[in-house]
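Enquirer: One letter stands for each residue in the lines below.
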Amino acid sequence: MSVTAPVAPPNTPNYNDPQIVAEQIKTKYPDAVESSSAQGIVVQSDQLREVARYLHDELAFDYLNNVTSVDWQDRFEVVYNLTSLERGGAPITLKVNAARENPSVPSLVPVFRGADFQEREVYDLMGIRFEGHPNLRRILLWDGFEGYPLRKDYKEPYYEEEKKPFGSRWDKGHHVIAEDRNPWHDNVQYPSNFDAVAYKPPRDQIQVIDAAQAAAMRLRTDKIVLNFGPQHPSTHGVLRLRVTLEGETVRGVEPIVGYLHRNHDKIGERNTFVGNMPYTDRLDYFTSMANNLAYALTVEKLLGIKPPERAEYIRVIMAELTRWQNHAVALGFIYNDLGAFYTPLIYAMEERELILDLFEATAGSRMMCNYMRFGGVARDVTDDFIAKCKYLVNERLPRRTDELEAYMVGNEIFHSRAKNIGVLPRDLAINYSTAGPVLRASGVKYDIRRAEPYSIYDRFDFEIPTGTTGDLYDRFIVRVAEMRESLKILKQALDQFPAGEIMTGKKNYQVRVPKGEAYGRGENPKGELGFYVVSDGTANPYRYHVRGPSFINLTALNDMCVGYKIADMIVILGSLDIVMGEVDR
Amino acid sequence: MSEEKPQTPPMTIANSEQEWLDEQVRRTIWTGPWNKFIDLVDLIYNWGRRNSIWPLGFGLACCAIEMICTSATRFDIARFGMELFRGTPRQADLMLVSGTVTKKMAPAVVRLYNQMAEPKYVVAMGACASGGGPFKEGYNVVSGVDKLVPVDVYIPGCPPTPQALLYGLMQLQKKIDKQSIRDAAWYRKGVSEGVPEPILGPDLIDARRLDEITALSADPEKLAARAVKLATKGKKE
Ligand code: SF4
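Chains D and A, in that order, are what the protein sequence lines are.
Number 590 marks the last residue of the first sequence (the working numbering); no jumps.
Number 367 marks the last residue of the second sequence (the working numbering); no jumps.
If we strip away everything but chain A, and leave its shape as in the complex, we get:
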């Protein structure tokens, strides 16, 4: 067996990549203004993000079943790069609130939202997550997840069909396309604060309204007046 080998010097990949990159930079960036460069980065960056949104595997109620159907064979959410349902919020980009948010669950929903890394999106799937739905009048139901966390896309329906869910997610993709690293909130200096977790007291206590609640409940007259005023508003005399 001969040990002879051809003596051509190995061409390192770094070399060729370097050359390719140089060429690209020369072609696209140096010839254009800075803005164009950012646009290009946005384009590539958003293209990557919009096609690999990882939702949080987070089923709240009936709508979650339609969410599972969407990720199953017929509707195949993988076409949109969203099939990776993550069990942990740390790896997720999208919180798909698929169902009724109850007061008992509210602190957990907010905590999950806070634990997600930026950039993060919230889709309210179905009537319940959008505004309380058929159970709105219930004493344990939060009337819409937007009372707790900011929502990007609302999908109506009870439950929304998988088609509707996919359409809603396409709207989210459009929204992502429009974002730019120039003004993205998650690139600003400092740490994002997160939403304060609601407290389970005699009823659900929004931690942002502590003072207001204390003041109002100490002042039954003011509270009553508020109620009366609103109760008569719009009613027949």
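One chain only, chain D, in its complex shape:
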């Protein structure tokens, strides 16, 4: 039985077509649409919010996938991708233009709360103001940073050339190191006449609660603002949380991110298309294979190619193995967060090592696989790989899944710590643009592998597990169920595994991608990993943006934590299963 995307009743128009959507918008707001094409609908900036609300309320585009921006040198363009979780299908693209000087567009936070962090990111890196945003501050960089790095006229301190591959760095027999090329002899640059001695950094803005707010929050004890991180054993990396506490009860959480901001977007625009593949490994470093897949899919969309059968199967096998090990480690970490230090994690790690062995044997690296290519995969798998994989999938991993589940389901402490804690109701989960297991635990049956089937997922028989209440318990049970479904897919894929080529065309390191833009996505273990790639017809992307599911899932953290104890907050954070490499990118 193969379940495909829900089919709309025949009399409703096909809202996956931007032209039809544009016509619909015109019936309500005749002069809101500037132009529309298959690439997206360009909307007048002053009517953006009305149009978005119309799309959300009337046309059921209830999910904001992605917000990003492109610097076209003469203007800025803010890009929104919207989907309907009911209808499924590919997202439609909404665009607004902003002037080069003092760019500003209306904020969509009143309609989609998931836009909160994403708009702050655009503001931070591109310098576009969002009018009406409740908290428009820098998010990945710090207050006081000079410049907007993603603008095309921003040059980093180590700027060398516009595009890679660079000219020879080894000229006249000696190499100039990057530090020497920069007059400051370090990876820094300062404005002219900058007085470092007298410089006082802007104070960290601590949101002090005033009396009225305190009364509204019914604070009876002294308010405590607790700083949590960036170095803390239970923040899963370099995340910082500013927690407002009343006694032990959490009254507000503000995630402060950016401590691992490694400039994926900026570096990605300089790299060649293939050169970005290893960088995608380092986004969510638990799931490099799945990241590769999502990126390959995006560029293949632009290239208009499809990998051969065998490569598709290899891709699915790798992606599902990745999903299994990611969820296993997530389950291991939950016990860390609950106080059972390390032992359950070691059980998960033991199995993960076996999967990593398979990756290492095929791709050459345990973690940073750099394995997928446009139109195929880099290397073929051996028969030995298939045999080992079959053994794992049929014997070892199901047993370990049961075991990990038993630790949770059979554990009374876990029940009392996880049931009805950190509840994220269905409508909030959608509005916050959460993705992956977090969204499904809140009862939304949405999985890109079904809603917009990519690769060969439409051939396999698998279920989309969902939760009911959206509490901590559900989020973990959904993960266990997904592990089982992954094994189910793996079994089918291994049984049907075909012989043949692993690459369409020949290997090519300088892929020329036709002009165009694409938003491609894959269902990663953490949620929807999206890539927004704009190509100007050369070997380097003009714009390369990553939609990190962890980053956007974090938007919902405050709502999930308020009212629970601080000890629960740790576990709630753990249940989001964030990875800082993807949050900060």
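Keep in mind the hints are simulated off the structure, nothing from the lab.
Hints may be right or wrong, so weigh each one.
[To be verified] EDC-like cross-link-like pairs, simulated, lysine to aspartate or glutamate; straight-line CA separation at most 16 Å:
#, chain 1, residue 1, chain 2, residue 2
1, D, K160, A, E267
2, D, K157, D, E167
3, D, K496, D, E468
4, D, K205, A, E327
5, D, K205, D, D148
6, D, K205, A, E267
7, A, K277, D, E184
8, D, K271, D, E166
9, A, K277, D, D191
10, A, K266, D, E165
11, D, K169, A, E327
Here the structure is a predicted model, which is why all the values come from computation and not from measurement.
Mind docking chain A with the ligand on chain D? Use the hints.
Expert: Then chain A with the ligand, alone, in the frame of chain D:
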């Protein structure tokens, strides 16, 4: 039930320990020169230190996952006495910089280093911590943790495999073996100063270079000349 007990006087442990110690001292120290005594102390002291290095539980990026793998079952870092990852720098001996140090994180890294008690060691794990790695050209990346704090061992790799990490840690053990309390920095008089924390300004400001930065940025010509000179160095005419 009889209350009788044997009347042998209890032999105190102190007595026997005292005797044992006396014997040891007579055998090893008094017979040899002072230097030998220090060598012996070093030997015992370093043996203890090298086998109980407590790392700071401090994961920065991808490399931290390999660090976790190293401490898990297969590679079992406990064989080297290093399994106690401490949550606080006050209890840690080793800062394992496992990942990219970003500018935003730099003040925190330095503060953690300063908070660690002497003797302390820093291992730069992976390409990023050693020199910026794949992200070196990024505007928010510090090109190597050695720009901020002194590093004892560099481990190449992206990420280094657990085997490589263990090898690097064994190198650190060798380094510890060679140290002596005679010239150990942490036994010198006075308080160690620590590294001044960088400041997050328009860009990362190294607190040791404040005057230089102020002088250079007030003098655009000098700065430009510096840049031009370096830009043409080594390039084709
Ligand atoms: S060296 Fe490689 S694996 Fe390690 S933190 Fe840097 S990018 Fe990640």
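Enquirer: Broken hints, numbered, in rising order?
Expert: 6 and 11
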